[in-house]
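Asks: When you get a sec, could you build the whole thing from the sequences and use the hints?
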Amino acid sequence: MKSDIEIAQSAKMLHISAVAKKMGLGEDDIDLYGKYKAKISLDVLRRNENRKDGKLILVTAINPTPAGEGKSTVTIGLAEALCKQGKNAVIALREPSLGPVFGIKGGAAGGGYAQVVPMEDINLHFTGDMYAITAANNLLSAAIDNHIQQGNVLGIDSRKIIFKRVMDMNDRALRHIIVGLGGKPNGFTREDGFMITVASEIMAILCLASNLMDLKERMGRILVAYDLGGNPVYCKDLAVNGAMALLMKDAIKPNLVQTLGNTPAIIHGGPFANIAHGCNSLLATKMALKLGDYVVTEAGFGADLGAEKFFDIKCRYGKLKPDCVVLVATIRALKHHGGVKKDKLNEPNVEALSKGIGNLEKQIENIEKYGVQVIVAINKFVTDTQKEIECIKDFCVKKGVKVDLTEVWENGADGGLELASKVIATIENNKSNFKVLYDVQLSIKEKINVISKEIYGADGVEYSPSANKQIAEIEKLGLDKVPICVAKTQNSLSDNPKLLGRPTNFTINIKEITISNGAGFIVALTGNIMTMPGLPKIPAANKMDIFEDGTITGLF
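If you use the working numbering, the sequence shown corresponds to residues 6 to 561, in order.
For the record, the hints were derived by calculation from the structure and aren't laboratory data. Check the hints yourself; a few may be wrong.
In silico lysine-lysine, PhoX-like type, Cα no more than 25 angstroms apart, as pairs [as the list claims (entries may be wrong)]: (1) Lys407 to Lys440; (2) Lys503 to Lys349; (3) Lys374 to Lys403; (4) Lys360 to Lys398; (5) Lys404 to Lys324; (6) Lys403 to Lys385; (7) Lys486 to Lys324; (8) Lys407 to Lys326; (9) Lys17 to Lys92; (10) Lys349 to Lys392; (11) Lys57 to Lys26; (12) Lys503 to Lys347.
Small disclaimer: the values here were computed from a predicted structure and weren't measured.
Replies: This is the structure in structure tokens:
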């Protein structure tokens, strides 16, 4: 079979205006970025605000192997299969980050014959949203240091600046740095650091804002530092949130592309799910719900991260009510959870599969806590055996959960027709009883305790001295009545990536608590989670190249 990029390069794409027309959009509704990409005007959402929403389908997964388990692939293949069955389906996805593209995880454009295109553009510079977010973030960072240099009227304590610089690349050397070296002209010397752009609060704000003015107001609420008296300093105090918003005037518009089968795909925003809230923008999802009868979206990593945050943060703020959840599982990942080493995952091993299937069981239980129907999709790999497939199917039948073998990677829409039929039947025959997991009026520790015990299966939670101090500061400011966004490893239900399967008898360790006041949630950092990832020993970038005619190779 051809590589992902070879398949994408041979795709027969429609002009993006023709894709827009499928959704009822005219030339005045889109801003063209070449032949195959466009921005959608926010006027489309305002014009359709009284139109009934379509049905919302979330695609999530078990805890993955390091290479990922194909949520985006299943999302895209399912939407194409829905279209093939005569349904008006629209996809809502996150934008890829250059860090994982050149690192190890890969992009977010799907794979095989279930991809969004133009794949190279989407995985690389796309429409420039990441650069706008990076620029807006770093404008604020520059303003903070400049304010101190120019007299520090606000009395900012340079030891208590909590807002960091960002870049959209994995670069561990920038995690902890010293700025202001070189004497008086270069500012005051202080410790600083970089996060990856997709972990920035600006990214989170973009993905939760309702319009441009809401974006500007939210950026003004960002808590950037404390003054020498211990009082909070906000972005609006530095009077740059207007300038930051104008940098985002185009980035706030959702992006329109298409699948290999020309199904419309709205791709917008890209926060990581292990260090941020892991969902595409509310604007994109709401726009898709007004333009499609069925909307297929995804949330990053396993259901303990992406789905929990989709439900408890995104759905809470957006007043969304998901109708169905597709839980992606792979035989490779379940064998991994059963103790099989990475280089042995392609070998048949029903015993290890049975041992690791507890991870699937827990993620099913997690979704059911929210009152939404779940369907398990086995994302088939060519190395999967019939005995292994039957093992998962038998398990799901005993659990009373619908299950389907999905072959969209190899066969595109045709490989997802049965899954599409089960999704349609589930939505038509069952009413969603969706509810969030906790009340935001609970204390910070109570909310973290609920997530840790109910979703991760932990016995309890322990806090570092600095985390306890940070919680006290947030409560003193009255900023604590918001959802919790846990930053945690994606490889385990616990905060220890080595505890696979369905671990028991463990404690969640909170080392730091920060407030994303503009986004509207509190971040709890656990274990050894990093907000600036590093590159692996052999990065994916080493396999990439470009030829004289512009042809790209090695991009998956």
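Asks: Between lysine 360 and lysine 398, does the CA-CA distance stay at or below 25 angstroms?
Replies: 15 angstroms, holds
Asks: Is it true that the CA of lysine 403 sits at most 25 angstroms from the CA of lysine 385?
Replies: Satisfied, since the Cα-Cα distance of roughly 21 angstroms is no more than 25 angstroms.
Asks: Straight-line Cα separation of lysine 374 and lysine 403 no greater than 25 angstroms?
Replies: 19 angstroms, holds
Asks: Does lysine 324 lie within 25 angstroms of lysine 404 when you go C-alpha to C-alpha?
Replies: Status violated; Cα separation ~30 angstroms.
Asks: If you draw a straight line from the CA of lysine 57 to the CA of lysine 26, is it 25 angstroms or shorter?
Replies: 19 angstroms, holds
Asks: Are the Cα positions of lysine 349 and lysine 392 separated by 25 angstroms at most?
Replies: 17 angstroms, holds
Asks: Would the hint linking lysine 17 and lysine 92 be met if the CA-CA limit is 25 angstroms?
Replies: 22 angstroms, holds
Asks: Does the alpha-carbon distance linking lysine 503 and lysine 347 stay inside the 25 angstroms limit?
Replies: 13 angstroms, holds
Asks: Need the status of pair lysine 503, lysine 349: alpha-carbon distance at most 25 angstroms?
Replies: 17 angstroms, holds
Asks: Under the criterion that the straight-line Cα-Cα distance not exceed 25 angstroms, is the pair lysine 407, lysine 326 satisfied?
Replies: 21 angstroms, holds
Asks: For the pair supplied as a hint, lysine 486 and lysine 324, confirm whether the alpha-carbon distance does not exceed 25 angstroms.
Replies: Distance of about 17 angstroms is within 25 angstroms: holds.
Asks: Hinted pair, alpha-carbon criterion (25 angstroms max): lysine 407, lysine 440. Please report holds or violated.
Replies: 21 angstroms, holds
The structure shown violates just one earlier hint, number 5.
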